[in-house]
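Hey, can you work out the whole structure from these sequences and the hints?
Each residue of the sequence shown is one higher than the one before, counting from 1 in the UniProt record's numbering.
These are calculated hints, taken from the structure and not from any lab test.
No residue lacks a Cβ here, since even glycine has one placed at the ideal position from N, Cα and C.
Okay, the calculated beta carbon distance ranges per label pair:
id, residue 1, residue 2, range
1, 39, 12, 32 to 42 Å
2, 54, 75, 22 to 32 Å
3, 40, 11, 42 to 52 Å
4, 59, 4, 50 to 60 Å
5, 4, 42, 32 to 42 Å
6, 64, 24, 53 to 63 Å
7, 56, 76, 25 to 35 Å
8, 53, 3, 46 to 56 Å
9, 3, 39, 19 to 29 Å
10, 53, 26, 45 to 55 Å
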Amino acid sequence: MTAQPPDPDPRRTPDLEAGGGVPPGSTPPDSAQTSGLSHPQPMPSKTTPVLWLVLTGVLVLMVAALIVALAFGWLSGV
1 MTAQPPDPDP RRTPDLEAGG GVPPGSTPPD SAQTSGLSHP QPMPSKTTPV LWLVLTGVLV
61 LMVAALIVAL AFGWLSGV
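Below is the structure:
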């Protein structure tokens, strides 16, 4: 048994232009497709995003503290 090709026959497709496109407002014919997963996807770790958020928050607080210290002149002796 011979399988059908996945793309429609251009000679039997309505509104198909010479270059293979379709005019505005026309919907091109849909091709057959197969999708699926080869194996179950692993669950991503929840620790890594939380760790990055904490590290980013600490860095932001350190920069803010440096700006405040410079504004009040607490680092003038350094």
